[in-house]
Structures are given as C-alpha cells and as structure tokens.
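Each chain, written out:
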Amino acid sequence: MTKHPDFDTLSLAGITAVIRSESMRHLLATVERVARTHAAVLITGESGSGKELIARAIHHYSLRCTKPLVDFNCAALPEHLVESELFGYEKGAFSGADAAKPGLFELANTGTMFMDEIAEVDPKTQVKLLRVLDGVPYYRLGGQKKVSTDVRIVAATNQRLEEAVSAGKFRGDLYHRLNQIHIHVPSLRERPEDMVGLAEYFLRAQSERAVFSMESMQALVQYSWPGNVRELRNAVLKAAMHAKGFEIGLSDLPPEITGYQPAAVASGEALSCRLDVLEQQTILKVLSETGGHHQRAAELLGISRRTLTRKLKSYGMATAPAPAFA
Amino acid sequence: MEWQQHQRRLSLKLRSKAVELDRRQEQRFPESGEILLLAEGSQLGEIRGVLVDLSDAGFRAAHNCPALSAGLVAYFFHSRAEGLAQVVWTRISGDSVESGLRILRQKQS
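As they're listed, the protein sequences go chains R and X. The numbering used here applies: residue 1 is where the first sequence begins, and numbers increase by one. The numbering used here applies: residue 1001 is where the second sequence begins, and numbers increase by one.
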C-alpha cells in the first residue's frame, strides 16, 4: 500500500484502490488473511462498490499471485455461450468449431478465476461449475479427454443469492460451495471518508490543479451514490469537463447530485452513517470559515481542539483540509 | 473394448448436447493486426494491442492493460472494422494480458 498525502492507495493489476475509511481498511486486512487459504470466496455488494477490486486483492495477496488471474463476466454472454467459454470445446463440436479451444478454466489453471455476476449462470452450467469446484475433471464440449484444472474461484454478485436459492433459481449446493468465505463490500454511502478521497483522486487524475468548492464537496457528501464508485467517477469526470476554471462548483455537478434531498428518516446503521456525514460537513464548513484554523474552529463548534483533531483523523483528514475547502 | 464403445457413445452424446447448447455459427479466424480500444466511462485511456482471432460475434486481443476488466464496454478500431464491444473476460498472467470481447455493434471498414 502506498501512502498519499491525503489517503492510502493500493494498486492491484492496474486498478487503484483509494482507502480512507476504517471499514475498508478492516476489510482489506481480512482479505489479506483469507487470500492465503485455498477456499472459494463469495463477494457481495452493490453494483460499483468495488467487488472486482476485492477479487484482485485476493489474487494479489494469495500464493497464486504469480499465476494467471482470469476475470469473467457471467452476464456478458448469452446463456448458451457461457458453457463453451468456460469449459472450451473440441474441433467439430458444433458448426463453427473449426479448431479446438481451451476454456477459461484451463486458461486460469493454477491461478484464480473471478466470476462476476455469478447469479446469471444458467442451471445447466451451475451443475458443471459445482463439479469443477469439487475438483472433478470435466470434458470440453464435444471432447473425449477429461480435463483437470486447479483453479481458485472467487465469485461476486450484487444480488441476494440466498433469495435466488429459495426461489430455485440458484443451486443451494453451489451457493454453499462458493460461500466458503463471504466478504461483503460496503456501499459508498456507508463510507463517506472514502467518497471524499475517491472524488479527490478522480479529480486529480483529470487535472492536478483542480479542486472542489466547499458547496460542491458538500453536495457530493450528501448524495446517496446508488451507482457507488462507478457513478462517482463518472460524475467527477463530467464535472471536470464542465468546469470553466480549476474550481469545481455546484453548477458543474450533474443535476441528480445537486438536486438530491437526503431522506429525512433513517434508522440504525444508516442513521449513524448520516450523522457522521452531517458532523463531517459541519466541521468542514466551520474550518472553511476559519480559514483552516483548528483552535478557532474547535471553539466555534464547542468542542476541544483535541476532539476536533481526533474527528478529522477519523475522517482521514488529520492534516488541514485540502485547498478545495479553503 | 466395451470401455471404448462407452467413450464413443459418450462423445457422441456430448457432441449432440454441445450442438444443442452452443449455437455459435460463426467461424473464428486467426488475426494479427493492431487494435485500439477505448473503454467507456473509465480513465484507462487508449489501449493498444494486437488481434489474436476474430469472428462475426467477437474477437480476442492481446494488450498491456490489466485494468481492462470483464463487463467494461469499449470502442474498438482495427483494420477490418470499428464499433462497440463488451469485455467478456480478461486473463492476466505476468506481463501478458489477453481479453475476449463480444461485439455489440460494428461498422466494417
């Protein structure tokens, strides 16, 4: 993990993770621990929350890290093509099969196979997949020779697989086999510290000098980010393109963000998350008004300077806020 | 002998099942030309690579961008066609990266 002035970044096969929140630090520590086992891992979380990043981290920290990583999207192919892609085929297995083709399991041999959107796999392929997971050799389509592979499976879904099992859409035995280790990636709205870090990271990738205005940062923090990191990245890209100067103002942000009204009623974890956000916003606002003067900000907030420092540290803002807030 | 007959029967059974399961009609042709990929909604920039094989429905390309992950949609440009394709899989092994893409729409050059 590399240390950035404002946040930790972790580069995993070309994808950069930006981590400020305690929940993500804790999650990555768990990933590092489970990566060294050979168990199958099921990653759940909302779309765009970073499931692929966690899958890459599992491969990166595993003993298979020098072996192939195959990343497969189960929803990107029509049902009837998934089987031939995964298990391969022999020459003449069907019209068009003019040469034998190894499947992705063979290409991933001794390494890791990441199967995204696993809930989309059709029942027939689920049976074959279960056998591969159990280490049973299989045949390529139209093949006569058994193929044995040693592949660690990491699967991901944004759906509730337990419900799919109850509804008979997903095999219970496959679910339990995939779910040897379960990792849940929290949504972006559950970790506002990461949201701020990611927004700054994406903006810096566009322009070194660009900064968010206080109002635009507040709008970003308040928004619920249903599309998670993917939505945030697109919003920052659009804002950077719209901005006339180096400061990203409220008017540069997409309308769904500026017009967003946070829900008035929340409970449990969601409420504590929202309170965190409100507290963070208030602190940032006061710091902005005092020109980043911690002692004066603490007095205005009615808390000790030590408490202010602790709170800033918990938001991953141990130093004075970035120029964007000044 | 009996085992061989059983294997042959099994092979025929699997083959007919394969035809039923995989209705892929297009042939794949080995290719070696250059390809340019531009992934939508990402900060990957231009990805340059070489075609490995090609069919009417998709293609395989070798490149040097491990971040081109499955599920991403990319504009592609090569000597025969240009269009939009979705990454179905990406295999990363050391420095070598290869992806299989399914064509969503294309215009022949």
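Among these hints, one or two may not hold up.
[As the list claims (entries may be wrong)] From chain X, some residues computed to sit far from chain R (all C-beta separations above 12 Å):
hint : residue
1    : L1051
2    : G1094
3    : E1098
4    : R1102
[Stated by the list, open to error] Okay, the calculated bits of chain R under chain X, using three or more residues with CB under 8 Å as the criterion:
hint : segment
5    : 9–16
6    : 61–71
7    : 108–120
8    : 195–204
9    : 230–236
10   : 276–282
I should point out that these hints are in silico values taken from the structure, not numbers from a laboratory. Each residue gets a CB set at the ideal place from its N, CA and C atoms; glycine is no exception.
Verification of the supplied hints:
1. L1051: Given that every Cβ of chain R is farther than 12 Å from that of L1051(X), nearest at about 16 Å, it holds.
2. G1094: violated (7 Å)
3. E1098: violated (8 Å)
4. R1102: Non-interface label on R1102(X) violated, nearest chain R Cβ at 6 Å vs cutoff 12 Å.
5. 9–16: Since three or more residues must qualify, the claim that chain X covers the segment 9–16 of chain R holds, with 3 doing so at under 8 Å.
6. 61–71: holds (count 6)
7. 108–120: As far as the segment 108–120 of chain R goes, the hint holds, because 5 residues have Cβ atoms under 8 Å from chain X.
8. 195–204: violated (count 1)
9. 230–236: With 3 residues in contact (Cβ-Cβ under 8 Å with chain X), the coverage given for the segment 230–236 of chain R holds.
10. 276–282: Since 0 is below three, the answer is violated.
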